[in-house]
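Undergrad: Position chain B relative to chain A; hints supplied.
So the protein lines, in turn, are chains A and B. Just so we're aligned: the first sequence equals residues 1 to 299 in the working numbering. Just so we're aligned: the second sequence equals residues 300 to 650 in the working numbering.
These are computed hints drawn from the structure, not numbers from a lab. Any given hint could be a false lead.
To be verified - Result set (DSBU-like, lysine-lysine): computed pairs, CA atoms no more than 30 angstroms apart in a straight line:
id: 1; chain 1: B; residue 1: Lys558; chain 2: A; residue 2: Lys186
id: 2; chain 1: A; residue 1: Lys100; chain 2: B; residue 2: Lys386
id: 3; chain 1: B; residue 1: Lys586; chain 2: A; residue 2: Lys186
id: 4; chain 1: A; residue 1: Lys143; chain 2: B; residue 2: Lys586
id: 5; chain 1: A; residue 1: Lys160; chain 2: A; residue 2: Lys85
id: 6; chain 1: A; residue 1: Lys221; chain 2: B; residue 2: Lys558
id: 7; chain 1: A; residue 1: Lys217; chain 2: B; residue 2: Lys558
Said to hold, decoys possible - Distance ranges between label pairs, derived from CB positions:
id: 8; chain 1: A; residue 1: Thr52; chain 2: B; residue 2: Ala631; range: 42 to 48 angstroms
id: 9; chain 1: B; residue 1: Leu440; chain 2: A; residue 2: Val17; range: 48 to 54 angstroms
id: 10; chain 1: A; residue 1: Gln40; chain 2: B; residue 2: His551; range: 56 to 62 angstroms
id: 11; chain 1: A; residue 1: Ser74; chain 2: B; residue 2: Gly629; range: 35 to 41 angstroms
id: 12; chain 1: B; residue 1: Arg527; chain 2: A; residue 2: Glu185; range: 34 to 40 angstroms
id: 13; chain 1: A; residue 1: Val17; chain 2: B; residue 2: Glu649; range: 24 to 30 angstroms
Claimed, not checked - Interface residues of chain B toward chain A, partial, derived using beta-carbon atoms under 10 angstroms:
id: 14; residue: Ala475
id: 15; residue: Asn541
id: 16; residue: Phe577
id: 17; residue: Pro578
id: 18; residue: Gly628
id: 19; residue: Gly629
id: 20; residue: Ala631
id: 21; residue: Pro632
id: 22; residue: Ser633
id: 23; residue: Tyr634
id: 24; residue: Ile635
id: 25; residue: Tyr636
id: 26; residue: Arg637
id: 27; residue: Pro645
id: 28; residue: Tyr648
Even glycine gets a Cβ: it sits at the ideal position worked out from N, Cα and C.
Each chain, letter by letter, is given below.
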Amino acid sequence: DDDQQTFRAQLRDDPDVASAVAAIRALLGFLKQDRGETIQGLRNSLRDAIDTLSRVDSSVAVSSGGELFLRFISLTSLEYSDYSKCKEIMIERGEIFLTKVSLSRNKIAKLCHPFIRDGARILTHAYSRVVLRVLEAAVESKKRFSVYVTESQPDEAGQKMAKALRKLNIPVTVILDAAVGYIMEKVDLVLVGAEGVVESGGIINKIGTNQIAVCAKAQNKPFYVVAESFKFVRLFPLNQQDVPDRFKYKADTLKTGQNLTEEHPWIDYTSPSLITLLFTDLGVLTPSAVSDELIKLYL
Amino acid sequence: MPGAAERGSELSEQIEAFAARLRRGGERPRSEDTARQTLSLLRKIVGHGRWSRAGELMDLIRTEGQRMTAAQPSETTVGNMVRRVLKVIREEYGRLHGRSEESDQQESLHKLLTSGGLSEDFRTPYPSLRANVIEAINEMLIELEGTTDNIAMQALEHIHSNEVIMTIGYSRTVEAFLKEAARELKFQVIVAECAPFCQGHEMAVRLSKVNIETTVMSDAAIFAVMSRVNKVIIGTKTILANGALIAVSGTHTLALAAKHHSTPLIVCAPMFKLSPQFPSEEDSFHKFVSPQEVLPFTEGEILAKINVHCPVFDYVPPELITLFISNIGGNAPSYIYRLMSELYHPDDYEL
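The following block holds chain B by itself, in its conformation from the complex:
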């Protein structure tokens, strides 16, 4: 059918364009926007792609997902959304197949003992699978809209009057969190500027617009000021499977200073940032950008004699974190494994 082939190639083009945009990097995309775009693309694949059985659909999504994640490995939200959709497909298939809900999904000792033989083969075609999966993806998109508000609603439980709060760089989630608390309480915020991009400045400007008493300071002063701080609230780029963070460069310093002073470190991040990967050899989360920011090209003579790096992200180990606040509530880092098993299926951890 010419119509389907047309749609097929148009879809392919859109995926290519998306991957090219990710690869180029450049402007810092909002994680929520990346997640939304990924989900829309995946919805189109489910709707217009050529497949008749759940198994084929999963293979299709997996291939496209690999292409998109290979374009920019540090954008983990793309991979997370692909895994969520795969889990949705398994669930919908299970529901149509008439199996009992969650139990059979996960590997466990119990399953090891009681299973009678082979696992699912996803080969029975169900005509209503397409519509069901698309509806589930629509639900996920709606959920995506509300994440920042859900996190901000919890602000009053954690912030109290006359507290001194420290944060680093610019996180839209933390901005919404603090603004929500500022509607009822008076407190102070110290923002570490987060060199070399100095996004802390933008954060400070936005917070002061709603009359929050804000102070900006350099990253070198973090430890010096920490003794006066009551809480540290930060955002992050990714949450890893062991409860660790991949956050903006400078966060590890902040976390160590907070641990030294026994100051609680609270991370505000929505659930779509939770990635089932562990920090290991591959370490593809690292992203280096032009060293121009660190040492400008005008310093010509020095440049020939030294190496300059400008990493964007930092690894923060789970022992330094006190609490994760996400759209589903507050959790300890040791509980992350449980949240992961609810969002993703173990067979999908390796895309």
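Okay, chain A solo, but in the shape it has when bound:
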């Protein structure tokens, strides 16, 4: 399928782009080529396209990007009744949205790096491009700090993060996932990214994040989350079970249809009571402010 190919190609060519942004770009391309004549038809074909995309990459980010795009279509179509004019405006706004969104990481880095003091010891989890950008900004403002990264099994994403940090000349130590409780007393703050931010203000991130948050809370260390605003998703999980299976496991695993109880989930949910602050391109938010943002958009 064409869209799948474009999507896969984008993810491959630009490893720095967030998967949600690549999804939105692919959907925008799809929109440009669409031959339909009605909004309803457009929405239906877009929903199918989003389904196809999630079969490539089943992460939360793709889902939230897709939802956002659909919402974008609905909002624009409310303003213009003539379909062809509407489509023109959509394409124009879509491009503007993509440009704005590509700047979001820099905005977040600018907001977050003042919170890193000189001489700080930071703990982070797995590989997050936003956290990398924040630490880069802190280095640029001449701060000295050291970083502990969890190895983050089963894909050893932490090693990738450590390699990237060493390139920036930041002293890094890779620790075992099990060593988080041990290292927490030495650490000044915890900084993680997020794959999705849910309505309650909690986050969905690589497995192991919840553990780190609980340890941080127990030792009174601040737990900061950095995430772009397009990761806000309309889920309200009350516990780990509430997170849909399609996010927990990779797309390929879901396709084989085997017994999921034997599989290890790739993500977990961290509740908002464990999070100190969220840094987004909409500003620095307390977890209670997240639901406000989502309401403003969807209602």
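TA: Relative to the frame of chain A, chain B by itself:
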């Protein structure tokens, strides 16, 4: 025009004098007075300053505001008033420009999706802008007068007969709050003296003048007495954007003791003390004064061997606070972000 140039330099002098007074510190200025003086100065800038477009006015206010806040960073009310005026200017400009009211102001996901392009440039001149902004500032000044009374009016909802209330140091807002309740009810107050300045003594004297049964005790006894206390009511210097407090030194101890005993901690503070800053690296809220109060200079031999500090303020994290009572009503600390978005515009958080 000689008249305008004269007024210009006189205004400049007044701002310099204000900044110098702030920098000198010395007597503890009342936050309300500082706020009022800042607003009057800003009103003069709007009235007599040389500007023709909203954009220029905002730049002018921003520059003067930076000068005033740099003089004494711990006086956050100055910065707050500057930000309020900037928001007022944006609103008035928006109203004259014919835009729909609040929606377009804030950054949001919604705006991200629906906006067609560039943001406001504030370049169209409107002759009535000057008068409108001055009127809005006058309204703010009137609002400022009534804040303590508005807070005191809520006293009866929170204090009940025969309760034991604890407070620390001397806060005029809390004094008015307790006096208002004392007109109808009988209750006891325990005041922690708040060393080394011992303002708690003055608070106790004032409360006992209206026949409130008051006890003064040392800060070290706070935890010991806490089990007998029903409520803790305190004032503060600043409220930060995450709901935390910058209050007089000793408040964090009081808050921790209250949390341990599950005693509600109520903060009485007017809205002009709400500052959009987060506690971070800069930490410019801290103010240290002469260590003379802690260890007098007469203790000469010891002084050579040790370091003595005398911090004025304390940081109290938001988890320890139960309720904020302000002139607009009672709010939980997690709701502060909402109040902030009503008072200030996100682009003004960094002056």
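Undergrad: Are there hints from earlier that the structure breaks, and if so, what are their numbers?
TA: 5, 14, 18 and 19
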